[in-house]
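Under my numbering, the sequence shown has 285 at position 285, and the numbering climbs by one with no breaks.
Be a bit skeptical, because a hint or two may be false.
[Claimed, not checked] Pair ranges (Cβ atoms, derived): (1) A277 with G120: 42 to 52 Å; (2) L284 with L198: 56 to 66 Å; (3) A190 with L129: 35 to 45 Å; (4) A244 with L189: 40 to 50 Å; (5) G21 with D259: 43 to 53 Å; (6) T228 with L258: 18 to 28 Å.
Rather than coming from a laboratory, the hints here were simulated on the basis of the structure.
Predicted model only: the values in this text are computed from it and were never measured.
The C-beta atom is built at its ideal place from N, Cα and C for all residues, glycine as well.
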Amino acid sequence: MFVGHAMLAFALAALAAEWRGWPTRRALAVGVAAGAFAALPDIDVAYALFAVDGSEVVAAADADAFWSAANRVHRSMTHSLVVAAAVSPAVALATLRAGEAGRTRLARSVGVALLIGLVGVALAVSGALGGFVMGAFVVAGVVLAAAVRRYADLSPRVLAAAAVIGLATHPWGDLFTGEPPELLYPFGLAVFDGRVALHADPTLHLLGAFAVELATIWLAVLVVVRLTDGSVGPVFDRSVTLGAAYSVAPLLLVPPTLDVSYHFVFSILAVGLACGAVAWARSLLASDGDGNGSFRRLSTERSHLLRASLSYAVIALSGVTIALFGYTAVYIAL
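With these hints in hand, go ahead and build the complete structure from the sequences.
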């Protein structure tokens, strides 16, 4: 769900900015900032990088060892709505520039004090491990906020709004894929007592969760198309029909579940990449008047290159979507 978190936040923030009547470039910048903050909560898995021996994990091909360590703190403090409500204005205050507030130094101090206070709370509630994770979270938040201020030139209020959209939307996608996030940390109050099941069959549940992920990505694509008046470029190519070949996968692969899904995820994404690559190759190798293959001269303008990249990405996404529908239909029919 890593990509879905960012795409959902991007779409919601960009649509909100458009609703406010902001220019397209600014609306997209707000969406990108929200999407970046939506990816931030998963920094809590960084603990596992220090808790396990990476060489042993690779040698044994045992990803469960990594996730077993990561899950000790995953989806806890960094996935809390309470923490999101505190971190968002705090990082905006901590990255204030001179002259942006009546008492800039005081405002910065308040932001820094709030962030340090969050680390202290995590230490008190979850011990040294909690303090380490919260510390990494707030430091990454400040770095990200500073980068957004520098490159997107968003005001402190807009930055705080983008941050809260990203951080507050992140936990909800995790309800389908693992243990429920601690939405009210540090108060210890459980909002959900278990994973939200999309289907009793574990494979259909996984396919449903994957479909939710695809839907959020498509939503982001549609938002980009809306904001840019359809300037993404062509989004359909005959190569997407390659995705239909994945319909035979249920006959060849072990049915995937949340516990064992790598073979499904990597293979279906490979099909999508193949669709995009074939479309890209076909666009390069165009037929000239004599019927001989010739390479088109590519534009070096940034806008044209961006449109082409987005177009091929959407073609790849279309291939993955067709592959998912085909796989699901055959799996149900078996």
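Consistency of the hints with the structure:
Separation of A277 from G120 is about 50 Å and conforms to the stated range, judged on CB atoms against 42 to 52 Å. A hinted range of 56 to 66 Å is violated for the C-beta pair L284 and L198, which are about 41 Å apart. Taking the beta carbon of each, A190 and L129 are about 20 Å apart, not inside 35 to 45 Å as hinted. For A244 paired with L189, a C-beta distance near 47 Å keeps the hint of 40 to 50 Å intact.
For the hinted restraint 43 to 53 Å between G21 and D259, the CB-CB distance of approximately 47 Å keeps it satisfied. At about 36 Å, the CB distance of T228 to L258 disagrees with the hint of 18 to 28 Å.
Violated hints for the displayed structure, listed by number in ascending order: 2, 3, 6.
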